[in-house]
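Participant: This is what each chain is made of:
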Amino acid sequence: MSCSRRTLLKNAVKGCVAASLPVSAFKFLSPAEARAAVGDPAVRWGFLVDTTKCVGCGMCVKACKKENEVPYDAAVTRTWVERYVITRDNKSHVDSPMGARDGFTDQKIDKLEIAPEDIAKAFFVPKLCNQCENPACVQVCPVGATYKTRDGVVLIDRKWCIGCGYCIMACPYGVRFFHPKYKVAEKCNFCYHRITKGMDSACVHACPFGARKIGDLKDENDPVTQVIMNERVAVLKDEYGTKPQVFYIGLDHNVR
Amino acid sequence: MIEHAETIVHGAEWTIKHGFVYPNEFIYWGITIVMYPYMTGLVAGAFVLSSLYHVFGQKDLKDMAKFSLVFSLALLPVAMMPLMMHLQQPLRGIEVLFTPHFTSAIAAFGIVFTTYAIIVLSEIWFVYRKYFVEQSIALKGAVNTGDQVKRVIYNILTLGAYDISEKAVAKDHKAVTLLAAIGIPVACFLHGYAGFIFGSVKANALWMSPLMPVIFIMSAVVSGIALCMLTYIIIMEWKKFKAILAKGRGNETVTVIAGVEMDVMKKASKYLLGFLVAAITLELLDIIFRGYTAMKSWDILREVMFTEDFTKIFILQYGLGNLVPFILLLLPKLTIRRLFVSLALILFGVFMMRWNVVVGGQAFSLSFDGFMHYDLPLIPHNLETYREGLFGALTVAATPFVIFWVINKIVPSLKEV
Amino acid sequence: MKNHVLRPLWVAIAFVALIFLARYFLVPSDFGVQGESFTYNYHRKSNVQEWKDFQVKYLGSDVCVVECHSENGESLMASPHAIIECENCHGPGVDHPETEEPAAMSVDTSRLLCIRCHADLNYPGTARAAIPGINPDEHNVDSECVECHNPHNPDLEEM
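Respectively, the protein sequence lines represent chains G, B and Z.
If you're matching positions, the first sequence starts at 2 in our numbering and goes up one per residue.
If you're matching positions, the second sequence starts at 381 in our numbering and goes up one per residue.
If you're matching positions, the third sequence starts at 195 in our numbering and goes up one per residue.
Just so you know, these hints were derived from the structure itself, not from any lab.
C-beta: ideal position from N, C-alpha, C; glycine also.
Possibly wrong hints are sitting among the right ones.
[Claimed, not checked] Not close to chain G: a few residues of chain B, all C-beta gaps over 10 Å, as computed:
(1) I388
(2) P403
(3) K442
(4) L467
(5) I486
(6) S580
(7) F621
(8) E632
(9) V704
(10) F720
(11) V721
(12) L746
[To be verified] With a Cα cut of at most 25 Å, we get these calculated DMTMM-like pairs of lysine to aspartate or glutamate:
(13) K67/G / D302/Z
(14) K112/G / D331/Z
(15) K67/G / D349/Z
(16) K54/G / D349/Z
(17) K582/B / E240/G
[What the hints assert, rightly or not] Rough simulated footprint, nothing fancy, chain G against chain Z, three-plus residues with beta-carbon under 8 Å:
(18) 232-239
(19) 260-266
(20) 306-313
(21) 337-350
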């Protein structure tokens, strides 16, 4: 009797396994199919920030928050601008109140008044997701809810993210946070909905001074690619091996 | 009101920033994530303790073995609990098993954890199968509903294997030994993995260390053994207390219980000391190495360790949690009371170690230019502050005892079977 | 009753089978390795399209000027403020052109809008210093900037 029960069980098991194994998970799509659906591999989005042009008005942050529906009064933001004031005694003073959503309108940094004659140099550094070639955040996602598209942008699947926060921990740049409304991980995606329609990212569009530019790194004639190729540019925290794709002009060793 | 709810940022409620901290940085991993490796550690430790008897035939641990095995079962669901509580989307937690992304330590953890659960359950099944069958037979023809339900449960638990001939039972024993043997590496792997979850985060200067998994295993075993011993003492004291009530002080039963208790405990504490030394050595090695190589992050790490978190690390963890119990255990003429204090301190020390790793790793900003202070929510005023606060942690800490109480009704681990 | 030792194994297998079965029904069929790397490309394919379909909110000055506000456009384009997008000061356009609902746009007359760029921070040699600056705590404190300056044509000569 137990024998027949076991055979039954075995068959049931076989059935289940057979039914579920061919499922999707490790299915590879035909190249054309994949290309159409997951971004154009002929494009690689890259970003260029010219810190020497930034005046710290924060229009980019404002535009980003509104374009991407990040609650305006929440402290979190997809992009932000940092202010660096290096004094003559070689101390660096850094701040980014509300991510510079309202710009920098006060000379005080963290309630500290710095006399103009003590300032050795001062500059602004906009930050955003680096859309790394080797994104540490994607590597650590336990469920495949964040991934890199073929055109190089890292996206987050709001319907699949479990909200463990591992990606937030893994990002060396601190660009990720939990979306206060959707309760899933959130970050800059170069305004994927805009760039795939031929528009500029909202922050690029909003910047009156041309401090932010987005381009296709696979297109040699793209002005952004031209600058990255021909001029001296740097990336943030390259020691982590993430290969960031946001390039900076005028970076300083004080930049965090 | 809705507007307001949308501006509440996860983490902002218990994070106090000073210096320059990136706008999106908060203490995202709070006390639930402290509890998670702590609980996982207790599971692994309890299992290793029981295996010492089953595999290596440490006869002196026989009494502890059965108990710690069942206790590790009770701890098992609790290891998952803080993780689930921590998720922003708890209902989606099962996705870890559906679409595991194996390059993530958490994904593989789901599989290892499931494997481990299966091993523990199977082992318990083999240990208690004879008992299930006996109960099922004893309850045959029971009239009241309670007993009938019990019988059904036992019948199911036998999985239809009613053969308790000597040959069959011998097979059970063999299976137990085998499972316990497989279980040790899996338990260590399980906990090493918890360490790997932290150790592999290259963005975090404090966590990133290849020693992390090993440190986690060692302190896991320490805390697991300590908890089993502690619970064992409490149970034996309770038995003794009942014996005193029933038969009066100085009765033979009482002295027998006390004798057995002391005997088991002395032996178990030797293993405990061994693992404790290993754990501390590794942790100190880690710190010394960081100080000597003095990478870019050392400045801020030093600041965190020697100023911000000095009390938590050197006084509470190493001092009170390691050194004091170490001395207490080594002093001659060990008494149950002193043992009890040392064990409680060791458990506390391991908890502080988890705290200092998890919270300490977020005490400094990724900018290396600012600090974040974790202000543990004490009195919950919404779901968030319950889940991520003191009461959530207390719930997690209390659950294994409740589960153990329930399991013990069906699978008695304290009686001679 | 040949070998009862394997019983727990069957239970375990049944359990795993159950997970696979649940997976079959609950995991979207387009989930998988869509690119070349399991490490970086494991995801639900349709999510890419979901992101592409996200609503665009900032339409650009061209839309504002060409379609309706040529007057403001012309004056702005001829002024030192030509570099500033209309929507930077008026908020995202979204459906405003379709609905022609003036209320959908914001007219921010607050001093905060202007001092984003014009508060003098005294950082010599920077791009910020190149913008004419005022001290917000001293420059006509009691009034909105637009009471005296035309935001669309702030030229001091034409005040």
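Participant: Now tell me if each hint is right for this structure.
Facilitator: Okay, the hints, checked on the actual structure:
no.	hint	verdict
1	I388	6 Å, violated
2	P403	4 Å, violated
3	K442	33 Å, holds
4	L467	5 Å, violated
5	I486	4 Å, violated
6	S580	8 Å, violated
7	F621	45 Å, holds
8	E632	48 Å, holds
9	V704	33 Å, holds
10	F720	37 Å, holds
11	V721	36 Å, holds
12	L746	5 Å, violated
13	K67/G / D302/Z	15 Å, holds
14	K112/G / D331/Z	16 Å, holds
15	K67/G / D349/Z	30 Å, violated
16	K54/G / D349/Z	22 Å, holds
17	K582/B / E240/G	10 Å, holds
18	232-239	holds (count 7)
19	260-266	violated (count 0)
20	306-313	holds (count 5)
21	337-350	violated (count 0)
In terms of the numbered hints stated before, the structure departs from hints 1, 2, 4, 5, 6, 12, 15, 19 and 21, listed from lowest to highest.
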